[in-house]
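Chemist: Heads up: the protein sequence lines correspond to chains H and Z, in order. Each residue of the first sequence is one higher than the last, beginning at 7 in the numbering used here. Each residue of the second sequence is one higher than the last, beginning at 99 in the numbering used here.
It should be emphasised that the hints constitute simulated quantities derived from the structure, not laboratory data. Computed from a prediction, not measured in an experiment: that's the story for all the values here. It is possible that some hints are incorrect.
[Unchecked claim] Pairwise CB distance ranges, derived in the manner of DEER restraints:
hint : chain 1 : residue 1 : chain 2 : residue 2 : range
1    : H       : ALA499    : Z       : SER124    : 45 to 55 Å
2    : Z       : HIS157    : H       : GLU289    : 48 to 58 Å
3    : H       : ILE367    : Z       : PRO184    : 27 to 37 Å
[Stated by the list, open to error] If you want the ones that stay clear, here's a sample from chain H, every Cβ over 12 Å from chain Z, calculated:
hint : residue
4    : LEU25
5    : ALA264
6    : ALA292
7    : ALA460
8    : ARG485
9    : ALA517
Positions of the beta carbon are idealized from the N, C-alpha and C atoms, including for glycine.
Now for the letters of each chain:
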Amino acid sequence: MAIVEEGGARRQVAPVLVLLLGLAVTGILTWTCWTVNQHNETRLLRLQVKEVGTVLSATLPNVESPLTSAADIASATDGDPTRFAAYAAPYAGPKGPFMLVALYEGSGAATHVVAAVGKWPAPAAGSLSLQSALRRAMAIHVLDVTGILSQPHPSIAYALSVVSKPHLVVYALTAVHPRQPLKVAKNSAFADLNYALYLGRSAQPGDLLGATDISHLPLTGRTASDTTPFGNNTLYFVATSAADLGGSLLNRLPWIVAVVGTLSTLAVAFAAEQLVRGRRLAEQLAIENQALYGEQRSIAQTLQRALLPEQFPDVPGLEFAGRYLPGTDRVDIGGDWYDVIGVGTDNGLLFVVGDVSGRGIQAATTMACLHYAIRAYAAQGDPAPAILSKLSGLLRVSTDGQFATVLCGAVDVRRHEVKLASAGHLPPLLVTAEHCDYVKTVTGAPIGVPNGHAQYAEVTFSVPRQATLLAFTDGLVERRGEPLDVGLQRLRAATSGELCPLDNLLTKVVANVMAGTAQDDTAILGLRWTN
Amino acid sequence: MDELEGEQTTNLEAAQVSVDQWQEESGAIVVRISGEVDMSNADILRETIDPIAASDVRHLIFDLGGLEFIDSSGLTVLLAAAQKIPQVQLRDPSAIVRRIVEVTGLAEVLPTEP
C-alpha cells in the first residue's frame, strides 16, 4: 500500500532531525564545557606556578645573604682567614646550606685558598671550573651561580667577589640530589602539583635540581612555567597538575553533559518517532475510515438509486416523471422514495411516495424493506388501505427508532379514477387547466406508529383529461421556521396553470419551489393523463 | 414547576435545542423542548426522553411552547415515548408544530393538552 510506504519514509525524517540536532547541541555544549574547564585549569595552574615563583624568590636570600656577609667580613678584615672561617663555619655544615665555603685570592696561576670551611675540600686552585667562576665573579660583582657541577659531587657553585678588594672571591658549593624526589606536604598549597626545578632558563635534563616525580620527566600535558632570577643565573620552575585544580565536578562536567545530552537526545528522538508513528497511524486510519465511509455511502447511494424506478411502466394514456434530490447537508442518502407498480392486466397500477424518518443508511435500508413489501402486497392485489395496514406490522418506532409516511394510490386509467390512502403523508397536488388544489385525503397514523385498530381510509377522486397529479415528500415544501402551509402554497403557486411537458414541470418545480434550500432529501412523482 | 431535574443545551451549526424536565404536582413529568430539533441534535432529545420512557411514568407532557421546528428525527423520539407511556400529551405547541403533527396523522397519538 503506497500510503504506508510513503508514511514510513516520512516517519524517519523528523526523529532523525531531532537526533542530529540534539547530538549537535550536546556536542557544542560538551565542547564548551571542556574548553571552559581547560581554560580554568590552565589559569589555576599558572596562578599556582606564579605563587611558587614568589615563594622561591623569598627563599633565595638564604643562599645569597650568608655569602654577601662573608664577602663583607673579608673586605673589612682584609681577608683575615680566622675571622672568615669563624663566620662561615655555621653555614658550611650538614645543617647549613653549603658543603663548602672558601675564600680565594688572586687569579690565574697566582690563585690560592685563603680560608675554607665545610665538609668538602676546597677545589685545587688550578681547577678549570673554579678558575672560570673566579674570573666571572671578579668581572661582574654579582653572585655567580654555576651548575650543575658533577665533581666532586653534584653541586652548585657560587662565587662572589669582594667589591673593595676585587682579588678576594668567596666561593661556596651546595650539594644537589636531583635523583631524590622532592617531598611535598599533603596540606601544602602545591600538593596538587607535579613540578620540577631547573637551574637555567629551560628544562635541560642536566640542569635538574629536583622534581616531585623524577620518573616522568620532562613534564608533559598541561604545564605552566615560571622563572626567577638567581644571581647571574635563573631558576626555571615547571609544573603540571596532578589532580583537577578546579575540582572533580568541573572536570567531569563535559562528560556529564555529553552523557546526559546524548541520552536526552535519544529519549526525545524516540518520543518524536513514537509521536510521528502515532500521527501517521491516525492519519492512515482516517484515510481508511474515509475510504470505508465513501464505500458505504456509495453502496447506499447505489441501493437507493436501484430502488427508484429507472423506467416507468408503459401505460397508454398516462405519463410519469420522477425526481430524487439528496439533501443539501452532507448526508447524501435518505429514506425518501417513489414507485410505480403495474397491477393485474387491466391497465391498473399503483403509485407510491414514501418517506422514512431520519437519514443515512438506516433510513435507506428501512425504505428498501418497505419498498419491496409494498410491491409484494400490490402483487397480491391488495388495495391501498390494506397495503398500509399490512405495512404497519413491519415497523415499530419504539424499537426501530424509525417511522415512515407513505402515500399509496391505485389508479384506474380508463375510468380516470384514483383511490388514495395516506399513512401520515402530505396530500398530492392535482393540477388541471382550471384548478390547482391539494387532494383532500384522510390521513392515518404513519407506518411504525400503531394507533389502536384504526383502519386506513380510502379516498376516491376522479382526474380530468390533461390533469397532472404531483405526489412528493416534505423536503419539497418544508422550510425551517415557516408554517407548512406557506410551503404548500408556494408549490401550488408554482404549478398553477402550468401545461408544459411533465418532465419540464418537475424541473421547474425543483428550481422554483426548493431553490436549493432543502436540508432533507426529497422525492417527487408526477403522473399526467394524456387523453 | 417544583423540581428542576436537568438541563442540556447544545450549540450546533444546524440547530440549537434546549431540553429541561420537571415533575408536576399531578405526578406528570414535563419535558420542555425549546429551539429547533433536527437530525443533528435529535440524540440530545433522546438522551433525556428515552430514560423517562423506560421508567414507569404514566403521564408525560411535552412542553413545546418554545419549539420552533421539529423534523422526523425529532418526532421519532416523541413517538417512541408515546408508544411506551400510557398518556403522552403536547402542551402549547406552536401553529407550525401543530400543523406538522396534524398533517403527519399524529393528532391522536400525540394529542394536545386540553
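Chemist: Now, for every hint given, state plainly whether the structure supports it.
Modeler: Cross-check of the supplied hints:
1. H/ALA499 - Z/SER124: 45 to 55 Å: 47 Å, holds
2. Z/HIS157 - H/GLU289: 48 to 58 Å: Holds, since Z/HIS157 and H/GLU289 (Cβ atoms, about 52 Å apart) stay within the stated range.
3. H/ILE367 - Z/PRO184: 27 to 37 Å: Check passed, 34 Å falls within 27 to 37 Å.
4. LEU25: Check passes; 44 Å lies beyond 12 Å.
5. ALA264: Per Cβ check, H/ALA264 is outside 12 Å of chain Z; nearest 55 Å; holds.
6. ALA292: Non-interface label on H/ALA292 holds, nearest chain Z Cβ at 21 Å vs cutoff 12 Å.
7. ALA460: 8 Å, violated
8. ARG485: 9 Å, violated
9. ALA517: With a cut-off of 12 Å, H/ALA517 remains clear of chain Z, as the shortest Cβ separation is near 23 Å.
Checked against the numbered hints listed earlier, the structure breaks hints 7, 8; every other hint is satisfied.
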